[in-house]
Amino acid sequence: MDLRICHLYPDLMSIYGDRGNVIALTQRARWRGIEVEARPHRAGERLDPDRADLYFFGGGQDQGQDVVSKDLAGPNGDALRRSIAGGAAVLSVCGGYQLLGREYVPEKAPAIPGLGVLDVTTRAGKVRFVGNLLAEAEHGMLIGFENHSGRTYLGPAAKPLAQVVVGHGNNGEDRTEGALQGRIVGTYCHGSVLPKNPWLADLLLLWALERRHGPVRLAPLDDADELAAQRSAAEVARARP
Amino acid sequence: MTIRTAAAVAAGKLARLGLQALGRGATALPGLVTLAVDPRAIGEMAAHLPRGAVLVSGTNGKTTTSRMLADIVRAAGWHPIHNRSGSNLDRGIAAALLAEASWLGRPRGDVGVFEVDEASVPRVLQQMTPRVVLVTNLFRDQLDRYYEIDALARRIAEAFAALPADVTVVLNADDPIVARLGDRHSGPVLTFGVDDPSVGGRVLQDISDATHCPRCNTPLAYARVVLAHVGDWSCPGCGLARPPRDVSATEVRLDRGGTLLRIAAPAAGALDPVRVPVPGLYNAYNALAAIACARALDIGLPTAVRAIAAFRPAFGRLEVVGAGGRWLRLVLVKNPAGFNAAISALLETGGRHRLLAALNDRDADGRDVSWIWDADFEALAPAVDHAVVTGLRARDLALRFKYAGVERSRLHVVDGWSEAIRQAIERAPAGGEVVVVATYTAMLALRDALARLGYVHQFWED
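Residue numbers (our numbering), protein chains in the order written: chain A, 8 to 248; chain B, 1445 to 1906.
Misleading hints may appear alongside valid ones.
Stated by the list, open to error - If you anchor each label on the Cβ, the simulated ranges turn out as follows: (1) Arg1852/B x Lys77/A: 42 to 50 Å; (2) Arg247/A x Pro1566/B: 34 to 42 Å; (3) Leu1476/B x Gly40/A: 38 to 46 Å; (4) Leu1476/B x Pro227/A: 47 to 55 Å; (5) Gly123/A x Gly1849/B: 50 to 58 Å; (6) His146/A x Arg1852/B: 19 to 27 Å; (7) Gly40/A x Thr1694/B: 45 to 53 Å; (8) Ala1605/B x Asp85/A: 42 to 50 Å; (9) Gly1849/B x Pro163/A: 41 to 49 Å; (10) Leu213/A x Pro1566/B: 43 to 51 Å; (11) Arg135/A x Glu1602/B: 16 to 24 Å; (12) Glu44/A x Pro1746/B: 51 to 59 Å; (13) Arg1852/B x Asp85/A: 38 to 46 Å; (14) Pro248/A x Glu1602/B: 53 to 61 Å.
Treat the hints as calculated values from the structure; they're not laboratory data.
Think of the CB as a built atom: it goes at the ideal place given N, C-alpha and C, for glycine as much as any other residue.
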C-alpha cells in the first residue's frame, strides 16, 4: 500500500512547527509498512488534482498568505477543489484553515475570498489569542498551542472539531475549536497537532488511504509516548493556560 | 542628572545590596526597581559614558557577540560596562549600569556593551541613544512572544529611521531581513558577511523565515545558503541583492574546535588570519559581527583580531564542565535556527553522542514548544547513542526524538534535574563526554543542580 502526501506551500505556510504534522503522518504510515511519498506544492507550480491522497496546509505570516491566496485564486485553486471533491483528505492549521474557508474579513479592507471548501468565515480580531489550547473531540482529547488573531465562525455545513476546555479556539465566544466537513479538518492547534493527538493522525491516514485503496484497516501502534505527551501537555494547559 | 534619576539609582542600588546580602544574583531586579522610579534612568546614566554605548541585538549570537566585543574594547584599553549574564531586557541594562555606577549614577566604565533582546530594541532606543547598534540576524524565536518576524523587522527599521545621524548601524548583509533594516537611517550603515565561496550549500534549509524578497515578495535566489535564510541572496524579481560587505570573511576554514577566518576590510591592509576558538560557523559570524562593531568604534582591526583569538565561551555556549568523572558540554538552544547551528557544529566532530536534552516552556524559553518540530532532529538522530530527556516538556521532546527516528530503547525520560544529571553521568563511561542540550530556564535549572551537586559555580559569579 502507498500514500501520497502533498505539503501545500511549505516555504510560506509552515510556521510554529507545522511541518511536524507531515513528519507524524509519514512516520505513522511507514511504521505500518505503508510507502509514503511526501511532496511540496509551491506557489507558481502546477498542482496535479489526481496525485495526492492527503493535503497538509499550515499557518504562515501575512506576507506568505498574500502569495498563497494569489496562487489559489488561479487554476491551482480549481485543481485543489477538484482534488478534494474527488476524495482527498485535508489537514489545515491556522492560516491554512482560514484560507480554506469562504472568506477572511480584515478590519479595514475588503473581504479576501478563500477557497470555499470549508463552510467557515474568519474576521480579524483586535486581541491575539496566544496560549495552550485543550479541547475535547468525539474521538479523543485535542491538545495544542494557539496563536491567532482571526475569529472563525462556522456555517451549517461545517461541524466543530472539538469543544474548548482551556483556551479560545475558533473565536473565543462559542467554545468551538476547529472544523470538520467531509474529509477536511481545520484547527487552530499548532504544537505540532498530530504527534500529540494520534487519533487525529490516524483518522486522516484512514481517509487518505481509502481514496485509492478502498476501505482499509490500520494496524495499531504503541502510542504510550504519544499519550504521555498528550497528558503532560494537558496538565500544563490546565495549570498555565 | 535629575533628582528623579538620582532617586531611581539609589533605589536600584539598595535593591542590589539587599539581593547580595541574601546571596542572590542581581542581574535584573535592581534594574526593574530603578526603571519603576525613573523610566529614563538608562539614558541618563548611559549619557555619562565618554565612549558611548553599543547595543548588540538579533535572534542568535548576541550573548557571544557582545562578550567578544567586550573583550575587544578591553584589549583597546577601554573599560566596558556589560550585561554579561545575558539579562537582556531594559531592566538588565539598567542593572548592569547600576552595578558599575556610583551612588550618584556616574558609571565607572567608559563604554557600554549591551546585549538587547530583539523585541526590546525599539523600546530601548526610546530610552537611550547608542553610538553603535548591531543586528546579527533575525530568525523565528519564541513566536508566542514576538509574533511574526516581518512585523518585528518593520518595527526595528522604524526605530533606526528615527535615530540621529551620528549613530552607526551595523548589519549582517547575508541575512535578507536584516540587511535592509538601515535603509531609512540617516547616518552610516556598516555591513559584514561571508564571502568564501566554499562555505554553505545550495539547498534551502527547512526554516522559512525569509525565502521571499522583503521588497517585492518574489522567491529569493541563493548562490549559497549558509544557515536557514542567511547566505548569498538576490531577488530575481526586482534585482534587490546582498549589499556590499564592509567587513568580509574571504576565507573560512572550520575545524573541530574553532574556525580560521581571513578578514578583509577597506583601508585595513592585509591581516593575518584569526582563529575563532569556539566551533561552528555561527561563531565565525559572531566574531565577524564583533569585529565590524570594533570598526564602527574606530578600534584597530589587529587589536580586535587579537582579542577574538583569546576569546572564551559564555554560559551554555559550548562551555565544558567536569562532573562525576565525565565532561558535560553545555549547549543552550532556544529556536530552530540555533538548534540546527549547534547540532551541525556537533555533527562536524563526528561519532555518536550521549545527550542530556532538556525542554522547558517558561516565558524565557518560549511557551510554545512547537519549534522543536522545525528543528532538524532528523540530522541529529543517526548520531544519537542515547538521550536522557528531561524538563517541564520532557515528553514532547521524547516524542520529537522518536519521530526523528531514534529507537525508543535509546531514550530515557527522567523527571527531576538532579536525577537526570545523575542518570546522564551514569550512562556515560568514565572520562566520556555528555552533550547537554537545553532551553534557557532548563539550562539554568541544570546549572543550579550541578552547583548543588558541587560541580560548578553559580553562573552570576561569572
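Here's how the hints hold up against the structure:
A hinted range of 42 to 50 Å holds for the C-beta pair Arg1852/B and Lys77/A, which are about 44 Å apart. Between Arg247/A and Pro1566/B the CB atoms are about 28 Å apart, so this pair departs from the stated range of 34 to 42 Å. One distance hint, 38 to 46 Å for the beta-carbon pair Leu1476/B and Gly40/A, is violated here, with the actual separation near 58 Å. Under the hint 47 to 55 Å, the C-beta atoms of Leu1476/B and Pro227/A, about 53 Å apart, fit the expected range.
Between Gly123/A and Gly1849/B, the C-beta spacing of about 39 Å breaks the proposed range 50 to 58 Å. Separation of His146/A from Arg1852/B is about 25 Å and conforms to the stated range, judged on CB atoms against 19 to 27 Å. Range check, Gly40/A to Thr1694/B: Cβ separation about 52 Å, and the 45 to 53 Å hint holds. For Ala1605/B and Asp85/A, the Cβ-Cβ distance of about 44 Å falls inside the hinted range of 42 to 50 Å, so the restraint holds.
The supplied range of 41 to 49 Å is met by Gly1849/B and Pro163/A, whose beta-carbon atoms lie about 44 Å from each other. For the pair Leu213/A and Pro1566/B, the supplied restraint of 43 to 51 Å holds, since their beta-carbon distance comes to about 49 Å. A hinted range of 16 to 24 Å for the beta carbons of Arg135/A and Glu1602/B is consistent with their spacing of about 20 Å. For the pair Glu44/A and Pro1746/B, the supplied restraint of 51 to 59 Å holds, since their beta-carbon distance comes to about 56 Å.
For Arg1852/B and Asp85/A, the Cβ-Cβ distance of about 45 Å falls inside the hinted range of 38 to 46 Å, so the restraint holds. With their beta carbons about 33 Å apart, Pro248/A and Glu1602/B fall outside the hinted range of 53 to 61 Å.
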